[in-house]
Every structure is written in structure tokens, then in C-alpha cells.
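We have chain Z already, so just place chain S on it with the hints.
Chains as they are written, first to last, in the numbering used here: chain Z, 947 to 1202; chain S, 9 to 249.
Just to be clear, a hint being listed does not mean it is correct.
Residues from chain S shown here face chain Z by an in silico Cβ test under 8 Å; the list is partial [claimed, not checked]: (1) P85; (2) L132; (3) N161; (4) D233.
Which bits of chain Z does chain S cover? Going by a derived footprint, with three or more residues having C-beta under 8 Å, they are [unchecked claim]: (5) 1145-1152; (6) 1161-1170.
Once the Cα atoms are required to be at most 30 Å apart in a straight line, the calculated DSSO-like pairs of lysine-lysine come out as [said to hold, decoys possible]: (7) K1114/Z / K1152/Z; (8) K1114/Z / K17/S; (9) K40/S / K17/S; (10) K40/S / K1101/Z; (11) K1112/Z / K95/S; (12) K17/S / K1158/Z; (13) K17/S / K1112/Z; (14) K155/S / K1112/Z.
What the hints contain is simulated information worked out from the structure, not anything from laboratory work.
No residue lacks a Cβ here, since even glycine has one placed at the ideal position from N, Cα and C.
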Amino acid sequence: MADTDGWQGWANPFAGRAMTAGHSWPNLFATRGVTSTPLWPSALPGVGYSPRGIVTPFGVPVGGWDFGAGGVSAGELGQLPQWSIPGHQDWTLMYQSSYAPDFAAALGTVATEEQPWFNVGASNVTRMLRSAPRETAPAIEVTAEWDGYVEKISKDHFVARMRGLKGKGVEGSDEEAEIPMSLVDAADLDLVVPGGFFRLIVTDEKPKVGPKRSYTSVQFRRLPAYTKRDLDAAEREADEILNAFRLASGGQATGA
Amino acid sequence: MAGQLENAKVNVLLVGTFDPNTVGPDRLGEAKVIRSDEAAAARFKTLVPGQVTDFTLGWCTVTVTRERFAVESAEPPFVKISDFIQKAISELMPQASVTAMGINRAYTIRFSSPEERDRFGTRLVPPSSWGNWGRRIQQTMATDDDKHGGVLNVTMKEFPIADREGGARHVTVAADVASNVSAQIIVNDHFQAPADSSLPAALEPDELARRRTNVILRALAEQFDASLNLLETIATEVVNG
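Just chain Z, with the same shape it has in the complex:
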């Protein structure tokens, strides 16, 4: 009996990253049983393919899938049912270690241009899958955040008043800052007007491999266009129901 104790597949962090038109990288492939060759045709190296046409991100046969020589697209991946890994069966795992550094570390191997893929024997596949992180996306941490509005605009910068929301020595502090226009995305330049609200954040990005990176970004806010009448009405209603926010203990759950 297959071991299907809820080992669900996990999201492919590279889904949508185009490799060739219309196709994307699954993060790893496994095929059932003895490795068949060729597992992927030369036309699209790296895209899983088996003669049986049953390759999925984790090689679980879902029946009747024939990806031909084209591999599997992100859209096809999204249509696959939740899969599980029958742990007792023989599996051959192939992956590109530059996209899966944790697997590379587990195997003590490093991908090269000549051999970017590893064909792992059936043993340990189950264990590796269980130990593998779900995603290899870099960890992102906001180390400081300010809420601000534009006071004055000049050609290459704008002057802003900001209040610190998050970060050591930042939270609760009021600042005046000159912010270069180069930090504003071109598509948001029409929002840089006196009174325009924005957030300034400092972010640390910690890739699984490689050094930490810090960067600053400005995000202009797209807020509802309230009229004075809206605001007056809201104020009136707020007074009326000041004590009305009686949050029932029941109600429908709103957890993610």
C-alpha cells in the first residue's frame, strides 16, 4: 500500500518563470521506477518528460498526461491535483541544483554548466523530499518603514514629512526627508503630488545562497478619492456608532 499520509505537494516557486515561451521550470522532477532515457528531449533540456508521459513536478503519475516534447507549462502545473509521494516505491529524482541549493547541499554536489542536472538514486529521495524547504525564495524582512506625504516637489527629488512605523529608532519618530525621484517607479510618477501619501521601506533580502542585500523603496499609495462630504458623513456615522462596534464572538471565520 502506498504511503500517502498527507504528503501533499508544495507550490513550485518557479512556476511562471518562463524558460521558453509558454513553459516554466518546475523545481524538481521525479520519475517512478527505473530511469528511462531520454527523460527530457534535447529541445527543452530540463523539462521533465518520460516515455510514459506521466511526469509531474514530483513524478507522481496522475494518468493520461502527455506533455510530449514540450514539457509542462505553469498552467498545466496549476491544473494538476494535489499529489502525494508514495514513499516506499522507487523514485528517481532529478533537479537542477542551481535552482534547488538545499538539495545540492544535501547531496554534497554542485551543479556545473556541463552537468547541471543530477540523477539521484532511489534511496533517500523520500527523506530528501521531507527535509526540503518548501520554497527557495529569498527571505525578505522589512527592517524599517515610514508613512509619509509629499510637501514639495522639485526636479530630481521631493520633500516629505514622514512618521516612523517600524524599526529600531524609527517607530514613532517624525522626520523630514528629501527623497530622490529615482526611487519612484515611472508608473507612479503621476502620484507624486503635494499631499500624496507613500510608504518608504528598507528591506533586507537574505537569499538561501549568497550575501544579504538591503534596499530602499518608495511605494506611492492609491487611496480612495474621498470628498469632504464623504468625510463629514463618515465622521457623523462614527459618532453614532462609536459604541456599536460590538464584535460578536461568533460570525464567520476570516482566517487565511
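Quick look at chain S alone, frame taken from chain Z:
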């Protein structure tokens, strides 16, 4: 530290009555809720006219059904979620009726080893409190580091909330069935719209719905940042003990 919080995601979920047809990327772009380049690049996952609108914008995923309006993002600043919802509902969905809202943070908890994960799980829910059966589970944890039982899912609820007369916060920690060195934590800040009896009497149903919606949107505008900070603190403290 017991574990490391990674892969932060924020999700805001509104419950009520919505029209999924009114929030397609094109209309959001025209109303400047999103940028025109975002609207052009939006990717639909599901579109069932009148029933479901589900698409990604790069920085977020938007799912709207007749009863749910959810926006999720892993890309800070998360205030974009709050702005998106307020502007979309105020300007494109004036007939929407919102009865409840959840501000949610989710993380992966990364542990250095399966043993560290087990220590975390047994701290939250000691198997020994579950009688002989639980003690047997605890024994297998000590003898088999690869396959053993343990807590799968635990939820703690805070109620009442100090700054409101109701509402609730829930923290759920769930085992990660795909990995023995990680777990998931979801922290939920739940807001419930005022009961009809709390609103001025003799209002028409439409006006009641509008006022309930305004209360929720106002809470979103005013409490979003504070809620997120608090939820992050709660998650950190749950993990660190």
C-alpha cells in the same frame, strides 16, 4: 531561538456580499486602483462570470466570490493590500456589504533540525497530557526521528479584545506535512461588523449594510498597520516561547 520565521505573507479576507464582475484587472486599472501596466500583466487563474474572479497582479493574488473578497501578498509594504481593498470597494463596489474582516499573517517556521521542531511541538502541546496514548506518541518521538506522531494542528483564541467590544484573534500552528524541519503559523485578527441592534434604529436595510461596510473599511484603514505589527509580535513570541 526555537525557529526562524520565514516567507511572511499577509492576507486580508472580507466576508459579505460582493459582485466578482466589478473587480477585473481592466476595471481596476481604469479606476487607478492598480497601475495600468499591472492591469495589462494580470494573470487570471479562474474566471466564472458572476461567481469567481481570481487573478494575480505580480505583487498580490486577488480572489473575489459572491461571499468573499481576499487579497494576499508576500511583497511589502503590505499597506498596498489595505489601500487596494478600500479603493476597490469604495469606488467600484459601492453596493458591497461587508460583515466581517480578517487581517492575517502567515509564516513558515524554519527549524534547524527535526528534533528542534519536535521540541517546539511538544512545548505547545505536550503529548503527555493526552494520557497513555499521548505518552506512547512521545516515546516514539524519542526512538524514531523520522516517522512518528505528534501535534498536527493547534489553535489558540484570544477573546475579548481589549480595544474592541468583540472580535477575536486566533493563532494556528500546523505541522508541515512535507517537511520535518518546518511548520506553519497563521495569526488572524478578526473584526465583526456591528450587530443591527447596535446601529441607529429605523434604517433601511441598504443603509444598514452601507454603515456596517463603512465600519469595517474604517477599521481596515485605521488599524491595519497596528494589527500587522501586533500579529508579527504574537507569531515571534509563540515561536520563541
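When the hints from earlier in the document are held up against this structure, which numbers fail?
-> 2, 3, 14
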